[in-house]
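Heads up: the protein sequence lines correspond to chains V and F, in order. For the first sequence, the positions run 35 to 773 when our numbering is used. For the second sequence, the positions run 35 to 773 when our numbering is used.
Treat the hints loosely; a few may be bogus.
As the list claims (entries may be wrong) - Distance condition first, Cα-Cα at most 16 Å in a straight line; then the derived EDC-like pairs of lysine to aspartate or glutamate:
id, chain 1, residue 1, chain 2, residue 2
1, V, K232, V, E645
2, F, K673, V, D674
3, F, K232, V, D674
4, F, K695, V, D674
5, F, K706, V, E597
6, V, K695, F, D476
7, V, K232, V, D262
8, V, K144, V, E120
9, V, K706, F, D674
10, V, K706, V, D744
11, V, K232, F, D674
12, V, K673, F, D674
13, V, K706, V, E645
Said to hold, decoys possible - To give an idea of the interface, some chain F residues facing chain V are shown, with a C-beta separation under 10 Å as derived from the structure:
id, residue
14, S202
15, F222
16, S225
17, D341
18, A369
19, L421
20, R424
21, L445
22, K495
23, P497
24, L699
Claimed, not checked - Only some residues are given here: those of chain F computed to face chain V with a beta carbon under 7 Å:
id, residue
25, S219
26, G221
27, V300
28, V498
Source of the hints: derived by calculation from the structure; they are not laboratory data. Given the structure is predicted, the values throughout are model-derived calculations rather than measurements. Glycine is no exception: its CB is placed at the ideal position from the N, C-alpha and C atoms.
Protein chains: 2
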Amino acid sequence: MSAFLPATPAAGGSAAQNDMRTDLERFFNPRAIAIVGASQDLNTISGQPLKFLRSHGYKGALYPVNPRYQEVAGVRCHASLAELPEVPDLALILVNAARVADMLRQCGAKGVPYVIIFSSGFSEVGGGGVNMQQELVSIAREFNIGVIGPNCQGMINVADSVFAGFGSVFNADYEPGVVSMVSQSGGFGFSVMNLSSKDGGLAFRQMVTTGNEIGVSTLDFVEYFIRDPQTEIIAGYIEGLKDARRLVEVGNKALAAGKPVLMWKVGNTEQGQRAAVSHTANLGGAMALYQAAFRQAGILQVEDIQDLIDYGRAFRCGRLPRGNRLAIITISGGAGILMTDECIGRGMQLAQFAPETLARLREFVPSFGSLLNPVDVTAAIFNDLSLINRTLQTIIDDPNVDCVAMINASLQGEIAARIAAEIVAVATKTDKPVLLAWSARDVVAPEAYGMLDQARIPHYKSPVRCGRALAALSWCAEARRRFEAQRAEVALRLSRPVAREALAGKTADVSEHAAKRILAEYGISVTREGLATTKEQALEAAKRIGYPVALKVQSPDISHKTEAKAVRLGIAADAELAAAYDEVLRNAIAHKPDARIEGVLVQETVQGGIEAILGVTNDPLFGPAVMFGLGGIFAEVLKDVAFRLAPVTPSVAREMIAEIKGYPLLAGARGKAPADIDALADAIVRLSALAVDLEAELAELDVNPLFVMDKGKGVKAADALIRPRSNAGKPPMNADERR
Amino acid sequence: MSAFLPATPAAGGSAAQNDMRTDLERFFNPRAIAIVGASQDLNTISGQPLKFLRSHGYKGALYPVNPRYQEVAGVRCHASLAELPEVPDLALILVNAARVADMLRQCGAKGVPYVIIFSSGFSEVGGGGVNMQQELVSIAREFNIGVIGPNCQGMINVADSVFAGFGSVFNADYEPGVVSMVSQSGGFGFSVMNLSSKDGGLAFRQMVTTGNEIGVSTLDFVEYFIRDPQTEIIAGYIEGLKDARRLVEVGNKALAAGKPVLMWKVGNTEQGQRAAVSHTANLGGAMALYQAAFRQAGILQVEDIQDLIDYGRAFRCGRLPRGNRLAIITISGGAGILMTDECIGRGMQLAQFAPETLARLREFVPSFGSLLNPVDVTAAIFNDLSLINRTLQTIIDDPNVDCVAMINASLQGEIAARIAAEIVAVATKTDKPVLLAWSARDVVAPEAYGMLDQARIPHYKSPVRCGRALAALSWCAEARRRFEAQRAEVALRLSRPVAREALAGKTADVSEHAAKRILAEYGISVTREGLATTKEQALEAAKRIGYPVALKVQSPDISHKTEAKAVRLGIAADAELAAAYDEVLRNAIAHKPDARIEGVLVQETVQGGIEAILGVTNDPLFGPAVMFGLGGIFAEVLKDVAFRLAPVTPSVAREMIAEIKGYPLLAGARGKAPADIDALADAIVRLSALAVDLEAELAELDVNPLFVMDKGKGVKAADALIRPRSNAGKPPMNADERR
């Protein structure tokens with residue numbers, strides 16, 4: 035029931051700046067709780083928290099606060115927070131929106147460190163609600179309160195029996211587990227916890243909902259879960275993050291701590307999430323940046339409750355594969371194909387068995403089973419259960435195998451238990467992940483499943499789900515390897531005061547020539563060119579550059595150069611240039627009589643090369659992000675581009691290049707020579723350094739086209755546009771405007 | 035446990051040609067069953083069928099056949115089929131592979147119409163197994179037996195208590211339902227049935243497994259299910275179809291009958307499924323053709339058991355939306371976003387409410403609920419349950435709404451039942467589909483779920499699953515509308531004996547000029563050109579065509595024209611042409627001294643236009659299929675192409691054009707004029723007519739490039755290659771070879 039509205043940086047403000055409020059130990063395990071606005075009707079929203087805290091056996095002190103009552107459900111009720119005999123670690127505010135600010139101020143005066151505001155009626159309803167929310171932000175800041183909410187449904191700490199919230203899922207008891215989750219949606223978040231814990235076999239340790247999230251943020255909770263020694267798996271459900279630029283840093287902490295983070299990001303198709311500005315910004319809708327950040331942070335995306343359960347159960351095995359090479363053992367050929375499809379389609383490979391493995395398998399796998407991978411052991415295992423043990427052991431021992439999936443169809447009853455025992459015996463002696471697809475219903479194979487659960491061997495009803503879970507493990511293992519490999523890499527940092535000064539205070543777009551001089555400051559190659567203010571200068575420049583050249587009138591007032599006929603391409607000689615010089619100037623003046631003319635750009639004609647596009651978007655949530663794609667239709671029609679948050683290291687730049695669908699074109703498809711990918715990666719790294727250095731001044735930057743020449747021949751920026759920050763509100767310029 | 039190996043047309047042969055064997059009524063409901071190779075050990079594979087037939091109360095006569103026994107489990111056992119007192123409608127063969135042929139012959143001699151061969155050890159093991167399977171095919175044909183299998187797990191007809199097979203899922207009792215399914219995998223197919231019926235709430239009517247499928251095929255069963263009045267929903271699990279070209283016809287029958295067909299096709303990532311031949315064939319791997327056929331046939335693809343269950347439960351509501359406009363009512367904002375993402379991402383739209391709807395909603399939706407779609411009614415419904423009824427009714431009555439999804443979070447217990455009653459009251463009075471996302475566990479909302487099931491109102495634990503199911507309904511509704519709109523369309527048929535004769539008996543690839551003359555026969559525009567055998571003819575041709583022209587040496591022995599330097603482009607005048615004529619011929623001879631030279635092609639230079647590629651692949655399984663894509667990297671690097679099985683009608687040709695990602699380029703992206711899509715669609719239709727007319731002669735055809743000119747200016751084929759059938763074994767030519 036949350037309604038996330040991105041706040042301005044002033045209104046938001048992460049609690050991360052404050053030490054006390056992000057050490058959330060006392061939030062999850064408070065010694066005393068005040069319930070402000072507690073109702074005597076324990077079935078109402080404001081009555082439920084007290085009911086559930088008591089029914090689940092909360093061990094601390096409970097202080098209902100309500101001037102109308104002497105007691106609530108047998109517990110002494112105080113008229114105000116000031117009267118409480120001690121300072122509670124946590125206060126729950128359950129009053130009407132209009133009265134929340136007053137209560138929060140009372141909490142502050144009392145010195146309460148954490149407050150959950152359940153009440154609705156703030157920014158999610160717009161209008162006056164936005165102002166009321168702003169007031170809460172001020173109060174929280176004034177008194178240094180860690181606020182959770184408003185418009186949320188509270189928290190459950192299963193392990194310590196703290197059920198501080200409302201809703202039907204609070205009725206149930208839960209086994210404590212190792213998953214800690216933060217959700218911006220209250221109703222939905224608790225549904226996930228309930229289904230996961232009860233029917234999914236994935237028990238939770240803690241669950242907190244954050245609603246409008248004016249104080250302690252999703253990422254603050256993720257950071258706490260990383261530190262919490264009892265949390266093994268971290269999950270999040272988000273509609274949007276105000277402190278999104280912390281994603282990579284937080285993800286890296288989780289990678290370093292070895293804790294998987296599963297994130298469910300919704301709102302992917304919402305139209306008009308943000309106004310489209312430049313080309314680069316246009317392609318980098320919020321979702322593109324979230325996905326880039328998740329990838330950079332090693333955060334695994336999930337798309338349904340079942341994903342979260344399946345992947346979470348896979349991580350419970352506590353192992354990651356060393357590589358992506360999978361072996362499949364199956365008694366059903368069909369299911370083996372299904373699993374292969376899922377895993378190969380998600381970046382894994384079928385392991386090629388070593389010759390010794392094949393030789394050993396041949397000794398005991400029956401003749402009409404297949405010895406290829408997937409290994410089809412057929413129903414013959416019914417006759418000799420030791421086959422399972424021997425096959426599994428042989429395949430696990432193969433050095434070419436990183437993980438094993440076994441498919442047991444619908445085996446059930448007593449034979450199922452015996453098979454499970456064989457599997458447990460082998461799988462507990464290896465550190466390679468072993469996952470099972472086993473379609474028997476719970477009620478017909480309870481003993482088998484019990485043994486597997488006990489041994490933390492993940493099992494799934496469907497080979498499809500098993501394959502996806504295995505691929506999730508493999509993805510996280512790959513993310514961790516990438517993290518280890520890249521953590522030593524230092525991102526290029528460049529400081530160019532000249533460039534910063536050139537942009538500072540600018541209100542107009544920076545036109546081509548000046549924009550390219552800024553690129554050149556950061557070491558990005560640009561076309562040879564010269565700005566001429568006389569015909570003689572133009573002729574001289576052309577001589578220096580070499581024909582053929584292009585002429586382009588430079589004016590901050592003419593954005594549609596081509597439309598204004600202020601551009602001439604392919605000028606081959608002096609006479610032609612002299613005529614063209616007059617012509618383009620005449621056209622420019624005719625197009626816009628009062629245009630300020632900076633001069634006429636004389637520019638080399640780039641021969642050959644592949645057109646690429648680079649860009650920077652300085653996102654209000656994510657900060658500077660770098661984009662790469664191939665030019666023209668690739669970027670504009672196919673949206674075939676890669677984003678990363680800056681700073682970008684060389685290996686990440688290479689990932690971006692290899693990631694786009696058009697990559698084969700750069701690598702040398704269609705019999706063409708391979709392009710200079712080294713130089714392209716270097717240009718991306720330098721653009722990233724520019725983006726970081728100019729963060730305060732730059733709104734958007736497009737390099738379009740950047741010509742990527744043959745291997746060894748470098749790259750060359752042929753056109754560029756910079757929109758300064760102070761000009762960020764202007765409507766977009768499209769690529770054609772700038773020619 | 036099946037292993038599908040595509041058979042040659044000779045070895046396969048669909049049962050569809052035979053009336054008796056495809057009227058499968060007596061197969062599913064046999065009056066008497068012989069069990070050949072019945073074992074006295076009822077736990078073995080050959081003992082289980084008798085056990086299960088009896089334990090589930092089969093009402094017909096049972097005849098175990100085994101010379102070793104007098105009786106099996108108290109039932110009289112006969113020494114041979116010949117001795118049976120009557121002709122059984124069905125025989126089950128459970129003997130070793132080596133003895134199956136003999137038993138099948140005995141079935142034939144007795145006149146048994148249907149035989150299930152359970153035994154393994156045939157084509158799935160290769161080698162001698164393939165020959166043994168071939169023998170079974172011959173016997174089945176000789177005696178006109180409808181064979182199911184071999185290498186399968188039998189059949190269950192739940193409705194009539196016929197459990198003719200083996201495996202652990204046969205232990206359970208099932209409620210009869212309305213889903214009939216055919217699966218090529220035995221173990222996996224029965225797992226699906228078991229999980230769907232028992233835990234998924236989707237009960238089955240019939241389930242049959244077909245294994246190696248030498249006789250009655252998957253599509254034969256689908257056709258039977260279409261005729262079977264008790265079957266409402268048809269499902270299939272396939273690894274491959276031998277009679278794949280029947281897919282569209284069968285799918286159309288299902289559309290006409292109003293029965294959804296859900297198909298799970300696996301084996302999508304298998305490498306080397308078939309040797310890559312031409313460019314077109316290369317792009318049209320088996321999966322591309324399956325997907326084209328599924329789309330043409332209105333067959334819905336599923337990818338997991340849960341899909342099948344979810345979509346099946348959606349279809350049980352017995353309604354399809356009239357359009358794709360969805361209204362969402364939710365008490366959880368987060369879940370509403372999730373559902374929106376799923377539905378919009380799958381081609382649905384959020385309905386725009388009529389003004390009267392908004393006015394009416396404003397009367398009773400609480401102030402902090404949202405009146406946009408999704409309509410957030412918030413937890414205020416707890417206070418006044420009539421809100422549900424009124425909101426739902428108002429939205430259903432809106433003429434802009436085609437279907438409604440309602441999200442109830444985890445509501446449970448007594449309030450859940452009352453809410454369900456309100457929903458049932460409204461939803462049963464409309465013919466618009468109403469689906470629910472309701473996350474309460476079964477045990478806490480049994481009464482509510484019971485009422486919904488009773489009223490056939492589909493409900494799902496996750497809003498994601500609910501959204502996908504709704505999108506599946508919408509997809510099928512759209513397929514049915516398309517079918518209705520297109521069924522009156524007649525595909526263009528052309529008969530060109532000249533073209534057939536030109537290809538008949540050809541062993542070499544047909545070179546450019548001749549290939550284009552064949553295209554022209556079918557009314558596809560080609561470049562103006564002339565084949566010259568003297569310089570004078572070349573000059574004359576150039577004069578007629580107009581400069582600039584291209585020269586290309588035509589020889590069946592030089593496939594790499596460009597590599598051989600036997601091509602010159604952009605020739606501007608007579609003198610240049612005269613020199614170039616000698617030069618290309620000289621180069622051709624130098625490249626291959628004994629090359630047979632057909633002449634030098636003088637060809638117009640096409641100015642402007644967008645490069646497209648058209649193709650035909652004459653697939654052994656699917657027959658002729660037509661491909662369309664944009665040229666160059668679009669097809670080769672991005673694989674951005676559309677396939678359809680021939681014949682292709684004009685509206686289907688338009689679908690193909692609009693389907694590719696590069697479509698905006700044709701529609702006029704980047705400020706360009708729109709291309710001549712009418713002419714392009716006409717060329718596709720004509721190519722389809724060619725493909726059908728030349729089916730016997732043609733293996734593959736590429737038109738690359740086909741220039742699509744500006745709107746009204748037509749299309750022009752600039753190069754083409756035809757590979758005749760008799761030459762289909764030759765290694766592929768790539769696009770560059772033909773320049």
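Each hint tested on the structure:
With a C-alpha separation of about 55 Å, the suggested pairing of K232 (chain V) with E645 (chain V) is violated against the 16 Å cut-off. Among the hinted pairs, K673 (chain F) with D674 (chain V) is consistent with the structure: their alpha-carbon atoms are about 14 Å apart, no more than 16 Å. At roughly 45 Å between alpha-carbon atoms, K232 (chain F) and D674 (chain V) are farther apart than 16 Å, so this suggested pair is violated. The hinted pair formed by K695 (chain F) and D674 (chain V) meets the criterion: a straight-line CA distance of about 11 Å does not exceed 16 Å.
A threshold of 16 Å between alpha carbons decides the hint, and for K706 (chain F) with E597 (chain V) the separation of about 14 Å falls inside it, so the pair holds. With a C-alpha separation of about 45 Å, the suggested pair K695 (chain V) and D476 (chain F) falls outside the 16 Å cut-off, and the hint is violated. Between K232 (chain V) and D262 (chain V) the alpha-carbon distance is near 23 Å, which puts this suggested pair outside the 16 Å criterion. Taking the CA atoms of K144 (chain V) and E120 (chain V), the gap is near 9 Å; set against the 16 Å cutoff, the hint holds.
A hinted pair counts as satisfied when its Cα atoms are at most 16 Å apart, and K706 (chain V) with D674 (chain F) does not qualify at roughly 20 Å. The straight-line distance between the Cα atoms of K706 (chain V) and D744 (chain V) is roughly 9 Å, inside the 16 Å bound, and the hint therefore holds. For the given pair, K232 (chain V) sits about 45 Å from D674 (chain F) by alpha-carbon distance, which is inconsistent with the 16 Å threshold. About 14 Å separates the Cα atoms of K673 (chain V) and D674 (chain F), which keeps this hinted pair within 16 Å; it holds.
Note on K706 (chain V) and E645 (chain V): the hinted pairing holds, with a Cα-Cα distance of about 14 Å set against a maximum of 16 Å. Interface restraint check: S202 (chain F) against chain V, minimum CB-CB distance 5 Å, threshold 10 Å, status holds. A hinted interface residue such as F222 (chain F) counts as satisfied when its beta carbon comes closer than 10 Å to some beta carbon of chain V; here the least separation is about 4 Å, so the hint holds. Contact between S225 (chain F) and chain V, as hinted, is supported at the beta carbon level, the nearest pair being about 4 Å apart and thus within 10 Å.
Proximity of D341 (chain F) to chain V holds as hinted, the smallest CB-CB distance being about 9 Å (cut-off 10 Å). Hint status for A369 (chain F) relative to chain V: holds, with the closest Cβ pair at about 5 Å, below 10 Å. With a least beta-carbon distance of about 16 Å to chain V, the hint placing L421 (chain F) at the interface is violated under the 10 Å criterion. Because the beta carbon of R424 (chain F) sits about 21 Å from the nearest beta carbon in chain V, more than 10 Å, this interface hint is broken.
For the restraint placing L445 (chain F) at the interface with chain V, the shortest Cβ-Cβ distance is roughly 6 Å, inside the 10 Å limit, so the hint holds. With 10 Å as the threshold, the beta carbon of K495 (chain F) comes within range of chain V, its nearest partner Cβ sitting at about 6 Å, so the hint holds. At about 8 Å, the closest approach between the beta carbon of P497 (chain F) and any beta carbon in chain V falls short of 10 Å, and the interface hint on this residue holds. This hint holds: L699 (chain F) has a C-beta 6 Å from the nearest C-beta of chain V, less than the 10 Å allowed.
Of the supplied interface hints, the one on S219 (chain F) holds, with its beta-carbon coming within about 3 Å of a beta-carbon of chain V, less than 7 Å. Here the hint on G221 (chain F) is kept, as its CB sits about 4 Å from the closest CB of chain V, short of 7 Å. Contact between V300 (chain F) and chain V, as hinted, is supported at the beta carbon level, the nearest pair being about 5 Å apart and thus within 7 Å. Among the interface hints, the one on V498 (chain F) holds; its C-beta lies about 4 Å from the nearest C-beta in chain V, closer than the 7 Å criterion.
When held up to the earlier numbered hints, the structure conflicts with 1, 3, 6, 7, 9, 11, 19 and 20 and fits the remainder.
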